[in-house]
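Peer 1: Sequences and hints are given; from them, build the entire structure.
Read off the chains here:
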Amino acid sequence: MVDYLELGAGITPDELRRVLIQYPSTAAVRQHKMRNGNLGVIQVSMVGVKSSSDSSQVRYQVLIDFRNFPSTTPKAFIRSPHSSEISHCNIHKSDRYPLAPNIDLCAVCIGRYADDYESLPEARVMRLGCYLNQIQYILSNPNPNSRAR
Amino acid sequence: MESVTSTKIRVGHVEVPDYWVDLFADSSMTVNDVITRSGMKPRDGSPVNCYLAPEGALVTGDVDPGQTVLVGASAPNVKVPINRRISPREHLFYVKWERKIGSDGMSIGSGFLGDGCTLWVPGMEGRLASRHKRAVEITREVNANGKMHAQGYTFLNSETPYMPGDLARITTSGEDAFRLYDPETGLLSIPVRIIHEDRSENGDRMTFRAAKHKEVDYGPRFLWGIRILGFDTERRSALAFVEEDLTW
Chain A
918 MVDYLELGAG
928 ITPDELRRVL
938 IQYPSTAAVR
948 QHKMRNGNLG
958 VIQVSMVGVK
968 SSSDSSQVRY
978 QVLIDFRNFP
988 STTPKAFIRS
998 PHSSEISHCN
1008 IHKSDRYPLA
1018 PNIDLCAVCI
1028 GRYADDYESL
1038 PEARVMRLGC
1048 YLNQIQYILS
1058 NPNPNSRAR
Chain B
-11 MESVTSTKIR
-1 VGHVEVPDYW
9 VDLFADSSMT
19 VNDVITRSGM
29 KPRDGSPVNC
39 YLAPEGALVT
49 GDVDPGQTVL
59 VGASAPNVKV
69 PINRRISPRE
79 HLFYVKWERK
89 IGSDGMSIGS
99 GFLGDGCTLW
109 VPGMEGRLAS
119 RHKRAVEITR
129 EVNANGKMHA
139 QGYTFLNSET
149 PYMPGDLARI
159 TTSGEDAFRL
169 YDPETGLLSI
179 PVRIIHEDRS
189 ENGDRMTFRA
199 AKHKEVDYGP
209 RFLWGIRILG
219 FDTERRSALA
229 FVEEDLTW
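For the record, the sequence lines run as chains A and B. For the first sequence, position 125 matches number 1042 in our numbering, and the numbering has no gaps at all. For the second sequence, position 118 matches number 106 in our numbering, and the numbering has no gaps at all.
I should point out that these hints are in silico values taken from the structure, not numbers from a laboratory. A hint or two may mislead.
Keeping only pairs whose Cα atoms sit at most 16 Å apart, straight-line, the calculated EDC-like set for lysine to aspartate or glutamate is [unchecked claim]:
1) B/K200 / B/D233
2) A/K950 / B/E172
3) A/K950 / B/D170
4) A/K967 / A/E1002
Peer 2: Shown next, in the form of structure tokens:
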């Protein structure tokens, strides 16, 4: 059996196909294709809510940095809507990140989830699924007790 | 006597060839129910349909127990048999057994993958067994007894994944036909040209034309076994001939 680190950092094309089942609009960011053939960054479209007091649906374009997956918690950033249009309390205000230095991105606050992620079993598909579930959960259920803006 | 009517609906996905979910149902289900209960309802709002396997026809009514359907945003490619759809998957596996095939020093090695599937890869006699090999799985089938068998081939994890003399397999229909796995892209993206003329000294290399003629007599083969003659690292393309003993 291929060890969970054997397939290397990033997500494999096969793992991307699994993501496509629930998020068919997912696309890999070509510039971040890794030398081992894996994908470092993907863009996922997720439907969340506007804010804790407004449950109207908002489509968030989420860039997820998987370059250190599966050993380290991935990082998620909102690419659109623009920071000024975001009211979700768990999304930071825009900043520039090495991931895409020319684009304003808003980091998603995952609270203490990094600890939970690192205690997950060493199974790639499970870690990938759990992380995506967590981001989806945050976007759908704003937590005013852990404000990022 | 007990009736043997099926009580399950088998649900696969157009994009993920080896992903199957069995829904237990004693009556017909609506397409929406099938998509939702199989866990294949997109969470980003993308529309998906149900396609009947293996015909690929869009299901507009109900799905009956015993039927197999595929969920996806677009219709499946029906040229490729439903259970032999391509999903290249890289493995590092231990070749446990090896058996000789043909008369040219070739053998087939096999070993278990982590999920209980047996992967079969061609190679040269004496160079497979009891070794760890990096290989790609290109097709997988489930036998009547439930045992899974995958077909694939080995490659080198370097800039030049295939060397002259290496054995591999290519499919002859579908989107990825006549393409080899490229570890740099993780896809079947290396085009393979099969020789049109045998210029070897002993004239024992099977050309594209000869293989097509043999298919007329022995039936078409979805997988052709090939031997690499050359690999162009700049264009990332390969030249090969058909290995008869590996194909028929």
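Peer 1: Hint by hint, say whether it matches the structure.
Peer 2: Against the structure, the hints:
Between the alpha carbons of B/K200 and B/D233 the distance comes to roughly 15 Å, so the proposed pair stays at or under 16 Å and holds. Distance restraint check for A/K950 and B/E172: the Cα-Cα separation of roughly 9 Å lies within the 16 Å cut-off, and the hinted pair is therefore satisfied. Distance check on the hinted pair: A/K950 and B/D170 sit about 14 Å apart at the alpha-carbon level, within 16 Å; holds. For the proposed pair A/K967 and A/E1002, the alpha carbon gap of about 9 Å is at most 16 Å, so the pair holds.
Taken one by one, the earlier hints all hold for this structure without exception.
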